[in-house]
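Asker: Respectively, the protein sequence lines represent chains V and B.
Residue 21 in the working numbering sits at position 21 of the first sequence, and the numbers go up by one each step.
Residue 86 in the working numbering sits at position 86 of the second sequence, and the numbers go up by one each step.
Treat the hints with care, since some could be wrong.
Calculated pairs, SDA-like style, for lysine to any residue (alpha carbon to alpha carbon, straight line, at most 20 Å) [what the hints assert, rightly or not]:
#1 V:LYS57 with B:GLN2
#2 B:LYS57 with V:PRO61
#3 B:LYS101 with V:LYS95
#4 B:LYS101 with V:PRO75
#5 V:LYS95 with B:TYR94
#6 B:LYS101 with V:ALA69
#7 V:LYS57 with B:LYS57
#8 V:LYS95 with B:LYS57
Everything labelled a hint here was simulated from the structure, so no lab data went into it.
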Amino acid sequence: IAGITQAPTSQILAAGRRMTLRCTQDMRHNAMYWYRQDLGLGLRLIHYSNTAGTTGKGEVPDGYSVSRANTDDFPLTLASAVPSQTSVYFCASSKGQDTGELFFGEGSRLTVL
Amino acid sequence: AQRVTQPEKLLSVFKGAPVELKCNYSYSGSPELFWYVQYSRQRLQLLLRHISRESIKGFTADLNKGETSFHLKKPFAQEEDSAMYYCALARSGYSTLTFGKGTMLLVSP
């Protein structure tokens, strides 16, 4: 059972470079999310999508973009990475937009130098 | 805007001792509250939610609207309970969660 798959697991990136974090789910969940986890700050929502074709901004959307072309995939793009985007990124999904139970991926550790 | 506060970054107890991880929230509407747990080298996962009123792995949490709290409790801690615990809030009818900053629980033998 795969659930949510994120790639890459870990990446070191030079500042100014473009980076896309991939997220795929096989549970046919409607809603998907991207969070970043930082020590002392917990998890903060970057972007979300309630259903394919729609996206919304979370708490910390600046510098990030997402797309939801289909149900299964929800990539997160950093157009021009900056050191403050060094973090662990978690993709999650939920069956609907009103369930509250999120299923998380294993995370992608990104270091921007 | 909603906010979740977990005042303790780290809670260290001995095996068999009672545990209480504190969580307070601010939200003007009717919230849904959750506890998520992240064990070492594992994915973040749901531990329990207030609407189900169930006990998972011996943990319970009661929503106290008067005190705007949702503290997580366990009468006798076990070493395998050592993990990072996050309290989270969702507005009723929505699943975008607002998380607290987390509390690391360390249970020593």
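Asker: Quickly compare the C-alpha distance for LYS57 (chain B) and PRO61 (chain V) to 20 Å and report which way the hint goes.
Answerer: violated, 36 Å
Asker: Starting from LYS57 (chain V), check that the Cα of GLN2 (chain B) is at most 20 Å away, please.
Answerer: holds, 16 Å
Asker: Verify the proposed pairing of LYS95 (chain V) with TYR94 (chain B), using a straight-line Cα cut of 20 Å.
Answerer: Status holds; Cα separation ~12 Å.
Asker: Would the pair LYS101 (chain B) and LYS95 (chain V) pass a check requiring their Cα atoms to be no farther apart than 20 Å?
Answerer: At roughly 25 Å apart (the allowed maximum being 20 Å), LYS95 (chain V) and LYS101 (chain B) break the hint.
Asker: Is the hinted pair LYS57 (chain V) and LYS57 (chain B) satisfied, with a Cα-Cα distance of at most 20 Å?
Answerer: violated, 35 Å
Asker: What's the verdict on LYS101 (chain B) and PRO75 (chain V), does the C-alpha distance respect the 20 Å limit or exceed it?
Answerer: violated, 25 Å
Asker: Is the hinted pair LYS95 (chain V) and LYS57 (chain B) satisfied, with a Cα-Cα distance of at most 20 Å?
Answerer: violated, 24 Å
Asker: Between LYS101 (chain B) and ALA69 (chain V), is the straight-line Cα distance small enough, at 20 Å or below?
Answerer: violated, 32 Å
Hints 2, 3, 4, 6, 7, 8 from the list above are not met by this structure, while the remaining hints are.
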